[in-house]
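Student: Got chain E sorted already, so can you dock chain L onto it with the hints?
So the protein lines, in turn, are chains E and L. Counting from 1, position 313 in the first sequence corresponds to residue 313 in our numbering; the numbering is continuous, with no gaps. Counting from 1, position 34 in the second sequence corresponds to residue 34 in our numbering; the numbering is continuous, with no gaps.
A portion of the hints provided could be inaccurate.
Facing chain E, from chain L, some residues (calculated, C-beta under 7 angstroms) [what the hints assert, rightly or not]:
#1 I31
#2 T47
#3 P51
#4 R63
Here are the computed lysine to aspartate or glutamate pairs in the EDC-like style, where the Cα-Cα straight-line distance is at most 16 angstroms [stated by the list, open to error]:
#5 E/K425 - L/E36
#6 E/K345 - L/E14
#7 E/K469 - E/D246
#8 L/K89 - E/D330
These are computed hints drawn from the structure, not numbers from a lab. Please read all numbers here as calculations on a predicted model, not as lab measurements. All C-beta atoms in this analysis are idealised placements derived from N, C-alpha and C, irrespective of residue type, glycine included.
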Amino acid sequence: MSICEMNVRQVAAGVREKKFSAEEVFDKCLERALLHENKVTALITMTADTGREQAARVDERVAKGEDPGPLAGVPVILKDNMCTHGIRTTAGSRILGRWIPPYSATVWKLLSSAGAVLFGKANMDEFAMGNTTGSSAFGPTSNPWDLSRVPGGSSGGSAAGVAAGYTPCALGSDTGGSIRQPASYCGVYGLKPTYGLVSRYGLIAYGSSLDQIGPFTRSIEDMALIMQIIARHDPKDSTSVAENVDFSLPLGDKDGSIGLKGKRIALVKEFQGFTLDPPIADAMKRMVLLMEEAGAEITEIGLPVVSRYAVACYYAIAASEAHTNLARFDGVRCGLEAASASGLKEMFEEVRSKGFGPEVKSRIIAGTCLTEPVRSEEYYVAATRVRTLIAAEFQKAFEGVDAILQPVTPSLPGKIGEVDEDVMKGYESDLYTLPVNMAGLPGLSFRVGYTSARLPVGLQLVGPRWSDKNLLDIGFELEKVLGVPQSAFDTAACNTTSFKGGN
Amino acid sequence: MRLGSEDVRAIAAEARLSLTDTELAGAVRYINNFLEMVDRFKELDLTGVEPFCFAESNVCPLREDAPEVFPRAREILADRADYLTSLFKVPRIMEE
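Next up, chain E with everything else stripped away, as it sits in the complex (with noise of 0.2 angstroms):
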């Protein structure tokens, strides 16, 4: 197994009982980066200097004797919306193109304790505002199992290089489902923790009641690992929950059977009247047969109002809270200046017009329209209370199920380029994802299998709050059956099963 292939376990096993150097890893891992990146794109910055620097310093803990971590010499990519100290963090904008923050998030403060080496910034749609990674600033990226598609988004990149075998391991931020889509697009695990289990620090916000970082991995037990690191309260983010959910336990045994007996499992009575590609359909029958199988009860729950108006509640809240984050990016702070104009209300306008795209430019203007004094209670405060009514209806609906299986998207990746002319029929895809970060929940999003054309085949696992670990839980039972995610360019990939229809 060449080095690229390995998860995270295994590479930070490897530096710490000397089989190889992490400096040795990052240059394994960077020859396969400069091998496909031409192709892929999925980094904006990559970090060859730091990151060996960085591996280095981990290899002169191990010649002298030191714990470097659990993830010694384990390389990562950061979504480019996450804060690194020297290092240029864009948010995949313009606007902030060549901003160099003086500090650094929390969850890479963690991460780097740990012994993690940084190994890029990762490409994203322009404020995590997308789907595709096609809004970015410094254009798309492709999908490493069809380089004519889209990776999914906004964290793209992130999922892209995991898929692409550059590193075991990434970190996006999910708003309303940008983890869990592009990691189904990609075919690796994605996880959106529950609101308040990572610290938000140094994530430049988007919707900061939705925003959520979490880890792409290989395997269960990887994703596991991770979140044993960074889930922890941070008295910089105040909505940092004190309390800690231990991910260190065993995850179940592995003597290779599947139990999932006493585990209720539901599915979506609303969601199974919508049309999804062939391939989707027949992974949800596959897996809730399998499910059965291993002892699993599968009931059915109804979700009417999260389906009626998840949707226009989420971009409702969405918009309004990313037109007050994004206030800040006027020239006077940091980002984008305007030297030459008259004044400081002709310089705002210079720096945001030439600095942000136009999926931000719009999401901005309805969150203006829709908190304006006149609008607000109509709109932006009857989503508050439309949110409520979305969470009760999950915490109601969770009092009877362990989890809800579902869809993650009910389409497979589109053509880079396509675009859908219909923009709110487009928002409407994004059903199965974006109600989870309404109510605060966590969402595990894992491969099934791939389509005969080789694209992969994902779904999603929903549970209650605090219930991530049992998500894991039933991720690595359902593991030992689908086997683990494999790197698009390695060969032995895409020998387990394929769905009907697959294009």
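Tutor: Leaving out everything else, chain L in the frame of chain E:
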């Protein structure tokens, strides 16, 4: 159509955005479709429903009120355009 070009141009100006004619046409279409989408809320009786908050947020988690040292003050300020020793140079905000 509920909001016309001038309405949307005024909203954009509030957000400190100036739009080209092409951008404005797109924004008018977008915002009217957006309003149509969120009009769905009117189907619901929201009387007595509280605005959403996470249950854990009912208690405001306060940090200890202790002074912190920022050892890299110059570095923090260095990013800013036109930072002159201890002052920032900003454009005029008063008319002549």
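Student: Against each hint, give a clear statement of whether it holds in the structure.
Tutor: Evaluated hints:
1. I31: Holds, because the Cβ-Cβ distance from L/I31 to chain E comes to roughly 6 angstroms (cut-off 7 angstroms).
2. T47: Cβ of L/T47 sits 9 angstroms from chain E, so the hint is violated.
3. P51: OK, holds: L/P51 within 7 angstroms of chain E, min 4 angstroms.
4. R63: This interface hint holds because 5 angstroms falls under the 7 angstroms limit.
5. E/K425 - L/E36: 12 angstroms, holds
6. E/K345 - L/E14: 10 angstroms, holds
7. E/K469 - E/D246: Distance of about 8 angstroms is within 16 angstroms: holds.
8. L/K89 - E/D330: 15 angstroms, holds
Violated hints amount to a single one, hint 2; each of the other numbered hints is respected by the structure.
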